[in-house]
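Chemist: Keeping the supplied structure of chain U fixed, place chain B upon it in accordance with the hints.
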Amino acid sequence: MSYLAIQCIGKDCPPYWIPSSGTGFDETSSGRIAITAERAIAKLRGTKFVFVAFMSQGSEAMTLGHPLDELRNSLSDLYREYSQPDWDGYGAHAITEDAYFEAQKLIDALPSWLPTPEIVAEPTGGIGFEWFKDRGQVFALSVGGRHRITYAGIFSGDKEHGSVYFEETMPLLILQHLRKLYL
Amino acid sequence: MIVEPHENLSRYLFSKNNFSQAKHIVRYTAFMPPPDKRLSVFRTLDLPEATVWAIGDDVGRQRNKTLLGRGDIKAVAVHEVGLAIDPNDVPPRHANIIGWPDDDSAIKLTAIELAQRAELSLK
Chain U
17 MSYLAIQCIG KDCPPYWIPS SGTGFDETSS GRIAITAERA IAKLRGTKFV FVAFMSQGSE
77 AMTLGHPLDE LRNSLSDLYR EYSQPDWDGY GAHAITEDAY FEAQKLIDAL PSWLPTPEIV
137 AEPTGGIGFE WFKDRGQVFA LSVGGRHRIT YAGIFSGDKE HGSVYFEETM PLLILQHLRK
197 LYL
Chain B
4 MIVEPHENLS RYLFSKNNFS QAKHIVRYTA FMPPPDKRLS VFRTLDLPEA TVWAIGDDVG
64 RQRNKTLLGR GDIKAVAVHE VGLAIDPNDV PPRHANIIGW PDDDSAIKLT AIELAQRAEL
124 SLK
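Read top to bottom, the protein sequences are chains U and B. Numbers given in this note's numbering equal positions in the first sequence, counted from 1, plus 16. Numbers given in this note's numbering equal positions in the second sequence, counted from 1, plus 3.
Calculated from the structure, these hints are not laboratory results. Please note: incorrect hints may appear among the correct ones.
As the list claims (entries may be wrong) - Simulated restraints, written as ranges between beta carbons of each label pair: (1) Pro131(U) - Asp39(B): 33 to 39 angstroms; (2) Asp92(B) - Glu86(U): 41 to 47 angstroms; (3) Arg151(U) - His97(B): 27 to 33 angstroms; (4) Ile5(B) - Phe117(U): 27 to 33 angstroms; (5) Ala110(U) - Asp92(B): 29 to 35 angstroms; (6) Pro8(B) - Arg96(U): 29 to 35 angstroms.
As the list claims (entries may be wrong) - If you want a taste of the chain U side facing chain B, the calculated C-beta under 10 angstroms gives, among others: (7) Asp124; (8) Ala125; (9) Trp129; (10) Pro133; (11) Glu134; (12) Pro139; (13) Thr140; (14) Gly142; (15) Glu146; (16) Arg151; (17) Phe155; (18) Gly169; (19) Lys175; (20) Tyr198; (21) Leu199.
What the hints assert, rightly or not - Listing some non-contacts, in silico: residues in chain B with all C-beta distances to chain U over 12 angstroms: (22) Met4; (23) Ile28; (24) Asp49; (25) Glu52; (26) Ala57; (27) Ala87; (28) Asp89; (29) Pro94; (30) Gly102; (31) Leu112; (32) Thr113; (33) Ser124.
It should be emphasised that the depicted structure is a prediction, and the values quoted were computed from it without experimental measurement. All C-beta atoms in this analysis are idealised placements derived from N, C-alpha and C, irrespective of residue type, glycine included.
Isolated chain U (complex conformation) (with noise of 0.2 angstroms):
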């Protein structure tokens, strides 16, 4: 049996990893599949945005359009990318293994109202997440697989840099900071 759960996100709606109850479906039914999909989806039109997950008994879950996979998948590519040292001409150092998990973790955290971010390899071996609204208005943070997050933003005049300590959920700091971005 395979199920279908649908989730809206939208600036108030739940994280994105919140585990869904769905509707079960023999896995030949594709066509009631699309049916009851299209319904969901015309029922939390007017939300901000919308995602779909499908996924089989034993199986990981598929999305359709999910930001987060994007992201994800640029974190991949950023990591065999970067690997090397010397990446950028001047030294750089290459992205180490504990910064590439800790973004994973950092992707998981991150709350259903923001706009994606950037994906840099930072000099120092380091991952960063960009937010860069206008010239003027930029927020920057990293993370180097040592649970702290580093950060810095402009935000039309004011200036805030820092670091804080991260584990598993947002510092509700950085939120602060983003929520100043795009708020």
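Modeler: Below, chain B without anything else, positioned relative to chain U:
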């Protein structure tokens, strides 16, 4: 040797990680210093465009990298963010941006501020 405030400094770019073609901006990562905290730039004031690119190509050859672009900033911008310029002229026209803070987050902020003041040119 003094670097005048109006002088142009070019930071050559060899990795697409360090700029966004879509947004036409230099990323802050292009201006993060190496471990010795000496950020390499070239003084390119009044040089023909072809010469500016030729210097970058030469730097790339020495580092076994392909030049992709450059980020140009004025010397005054470096001073505005609290840094200094050390014109060692090795090779000719080379300088290092020095005086970086010790704190990693302060370095990140300074790099963001420099990137904000930079103009991207693509090869």
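Chemist: Next step is simple, just say for each hint if it's right about the structure.
Modeler: Outcome of the hint check:
no. : hint                                     : in the structure
1   : Pro131(U) - Asp39(B): 33 to 39 angstroms : holds (36 angstroms)
2   : Asp92(B) - Glu86(U): 41 to 47 angstroms  : holds (46 angstroms)
3   : Arg151(U) - His97(B): 27 to 33 angstroms : holds (28 angstroms)
4   : Ile5(B) - Phe117(U): 27 to 33 angstroms  : violated (48 angstroms)
5   : Ala110(U) - Asp92(B): 29 to 35 angstroms : holds (31 angstroms)
6   : Pro8(B) - Arg96(U): 29 to 35 angstroms   : violated (42 angstroms)
7   : Asp124                                   : violated (23 angstroms)
8   : Ala125                                   : violated (19 angstroms)
9   : Trp129                                   : violated (22 angstroms)
10  : Pro133                                   : violated (12 angstroms)
11  : Glu134                                   : holds (7 angstroms)
12  : Pro139                                   : holds (5 angstroms)
13  : Thr140                                   : holds (7 angstroms)
14  : Gly142                                   : holds (9 angstroms)
15  : Glu146                                   : holds (7 angstroms)
16  : Arg151                                   : holds (6 angstroms)
17  : Phe155                                   : holds (9 angstroms)
18  : Gly169                                   : holds (7 angstroms)
19  : Lys175                                   : holds (6 angstroms)
20  : Tyr198                                   : violated (17 angstroms)
21  : Leu199                                   : violated (20 angstroms)
22  : Met4                                     : holds (23 angstroms)
23  : Ile28                                    : violated (7 angstroms)
24  : Asp49                                    : holds (25 angstroms)
25  : Glu52                                    : holds (21 angstroms)
26  : Ala57                                    : holds (16 angstroms)
27  : Ala87                                    : holds (19 angstroms)
28  : Asp89                                    : holds (16 angstroms)
29  : Pro94                                    : holds (15 angstroms)
30  : Gly102                                   : holds (17 angstroms)
31  : Leu112                                   : violated (4 angstroms)
32  : Thr113                                   : violated (8 angstroms)
33  : Ser124                                   : holds (17 angstroms)
Checked against the numbered hints listed earlier, the structure breaks hints 4, 6, 7, 8, 9, 10, 20, 21, 23, 31, 32; every other hint is satisfied.
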